[in-house]
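Chains as they are written, first to last, in the working numbering: chain A, 1 to 574; chain B, 575 to 739.
No wet-lab data here; the hints were simulated from the structure.
Among these hints, one or two may not hold up.
Said to hold, decoys possible - Under the rule of at most 27 Å between Cα atoms (straight-line distance), these lysine-lysine pairs were calculated in the DSSO-like manner:
hint : chain 1 : residue 1 : chain 2 : residue 2
1    : B       : Lys636    : A       : Lys331
2    : B       : Lys640    : A       : Lys192
3    : B       : Lys636    : A       : Lys152
4    : B       : Lys640    : B       : Lys630
5    : B       : Lys703    : B       : Lys664
6    : B       : Lys664    : B       : Lys702
7    : B       : Lys653    : A       : Lys196
8    : A       : Lys22     : A       : Lys539
9    : A       : Lys200    : B       : Lys640
10   : A       : Lys183    : A       : Lys22
11   : A       : Lys200    : B       : Lys636
12   : B       : Lys636    : A       : Lys183
13   : A       : Lys314    : B       : Lys630
14   : A       : Lys314    : B       : Lys653
15   : A       : Lys331    : A       : Lys314
16   : A       : Lys152    : B       : Lys640
17   : B       : Lys630    : A       : Lys192
18   : B       : Lys640    : A       : Lys183
19   : B       : Lys640    : A       : Lys196
20   : B       : Lys640    : B       : Lys653
21   : A       : Lys375    : A       : Lys525
22   : A       : Lys199    : B       : Lys636
23   : A       : Lys314    : B       : Lys636
24   : B       : Lys630    : A       : Lys196
25   : B       : Lys653    : B       : Lys630
26   : A       : Lys295    : B       : Lys630
27   : B       : Lys702    : B       : Lys738
28   : B       : Lys615    : B       : Lys636
29   : B       : Lys640    : A       : Lys199
30   : B       : Lys705    : B       : Lys664
31   : B       : Lys705    : B       : Lys653
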Amino acid sequence: MTQLKLSGAAMVVQALNDLGVKHVFGYPGGSVLDIYDALFQQSEVQHVLVRHEQAATHMADAYSRSTDQIGVVLVTSGPGATNCITGIATAYMDSIPMVILSGQVATHLIGDDAFQETDMLGCSRPIVKHSYSCRAAEEIPTIIAKAFHLAKSGRPGPVVVDLPKDNLNPNATFDYFMPSEIKLRSYNPTIKGHPKQIKKAATALMAAKRPVIYAGGGVISANACDLLVAFAEKLNAPVTNTLMGLGSIPGTHPQFVGMLGMHGTYEANKSMGNADVIIALGARFDDRVTNNTDKFCTGAEIIHVDIDPSTISKNIRADIPVVGSIDIVLKQLLDFWQQEQLSQDSEANSLWWAQISEWRNRNCLKYDNSTGTIKPQQVIEALYRVTDGQAYITSDVGQHQMFTALYYPFSRPKQWINSGGLGTMGFGLPAAMGVKMAHPESEVVCISGDGSIQMNIQELSTCMQYDLPIKIVLLNNGNLGMVKQWQDMIYDGRHSHSYMQSLPDFVKLVEAYGHVGVNISDPSKLEQELTQAFELKDKLVFINVIVEEHEHVYPMQKRLGAIDDMWLGKGVDQ
Amino acid sequence: MQTILSILLENEPGSLSRIIGLFSQRAFNIESLTVAATEDKSLSRITIATNGDHEKIEQIIKQVNKLVDVLRISELSGKAHIERELMFVKLNAQTSDAREEIVRTTDIFRGQIVDCTNQLYTVQLSGKKEKLNAFIRSVKRQSDIIEIVRSGCVAIARGATALKP
Numbered sequence: 001m002t003q004l005k006l007s008g009a010a011m012v013v014q015a016l017n018d019l020g021v022k023h024v025f026g027y028p029g030g031s032v033l034d035i036y037d038a039l040f041q042q043s044e045v046q047h048v049l050v051r052h053e054q055a056a057t058h059m060a061d062a063y064s065r066s067t068d069q070i071g072v073v074l075v076t077s078g079p080g081a082t083n084c085i086t087g088i089a090t091a092y093m094d095s096i097p098m099v100i101l102s103g104q105v106a107t108h109l110i111g112d113d114a115f116q117e118t119d120m121l122g123c124s125r126p127i128v129k130h131s132y133s134c135r136a137a138e139e140i141p142t143i144i145a146k147a148f149h150l151a152k153s154g155r156p157g158p159v160v161v162d163l164p165k166d167n168l169n170p171n172a173t174f175d176y177f178m179p180s181e182i183k184l185r186s187y188n189p190t191i192k193g194h195p196k197q198i199k200k201a202a203t204a205l206m207a208a209k210r211p212v213i214y215a216g217g218g219v220i221s222a223n224a225c226d227l228l229v230a231f232a233e234k235l236n237a238p239v240t241n242t243l244m245g246l247g248s249i250p251g252t253h254p255q256f257v258g259m260l261g262m263h264g265t266y267e268a269n270k271s272m273g274n275a276d277v278i279i280a281l282g283a284r285f286d287d288r289v290t291n292n293t294d295k296f297c298t299g300a301e302i303i304h305v306d307i308d309p310s311t312i313s314k315n316i317r318a319d320i321p322v323v324g325s326i327d328i329v330l331k332q333l334l335d336f337w338q339q340e341q342l343s344q345d346s347e348a349n350s351l352w353w354a355q356i357s358e359w360r361n362r363n364c365l366k367y368d369n370s371t372g373t374i375k376p377q378q379v380i381e382a383l384y385r386v387t388d389g390q391a392y393i394t395s396d397v398g399q400h401q402m403f404t405a406l407y408y409p410f411s412r413p414k415q416w417i418n419s420g421g422l423g424t425m426g427f428g429l430p431a432a433m434g435v436k437m438a439h440p441e442s443e444v445v446c447i448s449g450d451g452s453i454q455m456n457i458q459e460l461s462t463c464m465q466y467d468l469p470i471k472i473v474l475l476n477n478g479n480l481g482m483v484k485q486w487q488d489m490i491y492d493g494r495h496s497h498s499y500m501q502s503l504p505d506f507v508k509l510v511e512a513y514g515h516v517g518v519n520i521s522d523p524s525k526l527e528q529e530l531t532q533a534f535e536l537k538d539k540l541v542f543i544n545v546i547v548e549e550h551e552h553v554y555p556m557q558k559r560l561g562a563i564d565d566m567w568l569g570k571g572v573d574q
Numbered sequence: 575m576q577t578i579l580s581i582l583l584e585n586e587p588g589s590l591s592r593i594i595g596l597f598s599q600r601a602f603n604i605e606s607l608t609v610a611a612t613e614d615k616s617l618s619r620i621t622i623a624t625n626g627d628h629e630k631i632e633q634i635i636k637q638v639n640k641l642v643d644v645l646r647i648s649e650l651s652g653k654a655h656i657e658r659e660l661m662f663v664k665l666n667a668q669t670s671d672a673r674e675e676i677v678r679t680t681d682i683f684r685g686q687i688v689d690c691t692n693q694l695y696t697v698q699l700s701g702k703k704e705k706l707n708a709f710i711r712s713v714k715r716q717s718d719i720i721e722i723v724r725s726g727c728v729a730i731a732r733g734a735t736a737l738k739p
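With the hints as extra help, turn the sequences into a complete structure.
And the structure:
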């Protein structure tokens, strides 16, 4: 066999191909033209040309979120690279695997403030899992393979690979070598839970009278959702999800009590606040969950399972820390119960469920839909019916995101794609595009607001180029709804810069991009018109729904209170 | 309370900036930091003096350990260990009395005079932070301090314990 000799630029493309990459999201520019030329000369790796690099990162990110693949971004140096920063931070905060290939000026120019030079490794350092600079063309395949390995293993995250232009020179070829296995002496995540900790956790859970399972995005990234359901059913405990964990247990499962936290359900937050044992699985006790940490679940013993030891006891002290991958640890716990024949206090368990059902009966998600205007909650409920609850749903950030999380019960993991940790407005549309690239046969819906949608609306052009018939449902209230809600509740209704003057005519706008636009404003026709829009299978349809302007998201935790101190409506104390 | 951390990491471009960046990003303190390549040139060793309560130190150790370049981290201050800091002090010694006083004090602290001119003495001193501080307090009384440079602390565990890849 003859040794394959390739240029640095060709090695980039060959390495991606060898790693099974089908799609790369990017934008060309001076320092990566050699890579683009190499892309042009092959057909295995498809490049998707975005209109702004930030959108490329969100597309790649959502591609990762909705599959087991790793989304790849290719951008040029300088502004191309810095435009990726928001998208990299978004992926980092939600522990999403992604590889960003950024061009760089030639090695001899680095540090000279050359044209389109930016210290990308420096800029991205706080928001990446790791980063590499390729100092020689021969290193490129190995470095890209390492980047893929790091992005996906352990606690996943984005990895940047910086590629100085001189190492991509198409006229200099080198031996191509792709390692079959990656080993890093300094990186070896703990996968299996320590047997002593497993024993402690399993025993505490079986002895619990009021256990709660608090499951986050880590369950989904570990592909441990079936195990979560088996585990929950064995323990017969209520399961609550973080915003990132939604879909890890079906939203219609009888043991599911809904999302917890700032806009969590009454029953979820009440269960947490009254639990005697809480097991956190791949969740991180975010401030949007805990509310005031001093008052957080004071009566509960906390078991915290996570693959990242630094997450454990960071915000809330864990009584029983377990470091390991969620799938392995859940198996270990189930095995331990089986072997030790542990049983639980069934009387306490029925009392616990009786209490939970009382909380459920408060029906905290009910809302008044008799006002003659369309309520945002109503739109999500109608959408759920129109899509049979099966569509991939992406969202932007704000009230519409919370309404979706609360009113669309997700049936499977990776179905719900949103920016939880960073809260990036402008995420939803490119995310829907990334999902559609990965699942061309599936229904993909972006739920957005009139603020968020305008932050990456230029991507409607990309949708036309690549024929991406996604559906965009805009909850248009003419305001930055979540900002306004806070101003109503905390700033005596002083609406400082929270309303959107001069909104475009969205229907005309999407028509200009070659798509279909629909306005919906009559509550009595909502479901029928939504159904009609979804019947246009091969078109991108932008559905502009005029919704009630003054609606707030409830439940909502009271500021500085305990996890279960909540408002259930405007001025409605629990 | 001061905590001394010893870190073994890949000697790669940017690996030091990842450590320093992590400390500022997560609002951890650095009292001092020293770094140099080890016998094995592919590895660097860092000694960081920091402070914080037990929870804070635990979090610092976990966060540092999470960096892909880091092979090992050990908290030395909780164990039997030896720590030293090197200091140079440049002193103004214009009168013979002052010069004699400096020689005497340097002698008491087991330091050395490593450079002198007609009017200046430069003293080299090593030891724990407290000893170096005490020396400064003593010489301040007799002469003007022109300049001080301190290395920050380096430390090693006593006995067989070693930080190895």
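Could you grab the alpha-carbon distance between A:Lys200 and B:Lys640 and see if it respects the 27 Å cut-off? holds (25 Å)
Given the hinted pair B:Lys630 and A:Lys196, is their Cα-Cα distance within 27 Å? The hint holds at about 25 Å.
Given the hint that B:Lys640 pairs with A:Lys199, test it: the Cα-Cα distance must not exceed 27 Å. holds (26 Å)
Can the restraint linking A:Lys200 and B:Lys636 be considered satisfied, given a maximum Cα separation of 27 Å? holds (22 Å)
Please verify whether B:Lys630 and A:Lys192 have alpha carbons no more than 27 Å apart. holds (26 Å)
Is the straight-line distance between the alpha-carbon of A:Lys314 and that of B:Lys630 27 Å or less? Holds, at roughly 9 Å.
Within 27 Å, alpha carbon to alpha carbon, are B:Lys636 and A:Lys183? Status holds; Cα separation ~21 Å.
Compare the distance between the alpha carbons of B:Lys653 and B:Lys630 with 27 Å, and conclude whether the hinted pair is satisfied. holds (18 Å)
Holds or violated: A:Lys22 and A:Lys539, Cα atoms, limit 27 Å. holds (24 Å)
Does B:Lys653 pair with A:Lys196 here, judged by a C-alpha cut-off of 27 Å? Holds: B:Lys653 and A:Lys196 sit about 25 Å apart, inside 27 Å.
Would you mind confirming whether the straight-line C-alpha gap from B:Lys640 to A:Lys196 stays at or under 27 Å? holds (23 Å)
Holds or violated: B:Lys664 and B:Lys702, Cα atoms, limit 27 Å. holds (19 Å)
Going down the numbered hints, you'll see the structure goes against none, and every one checks out.
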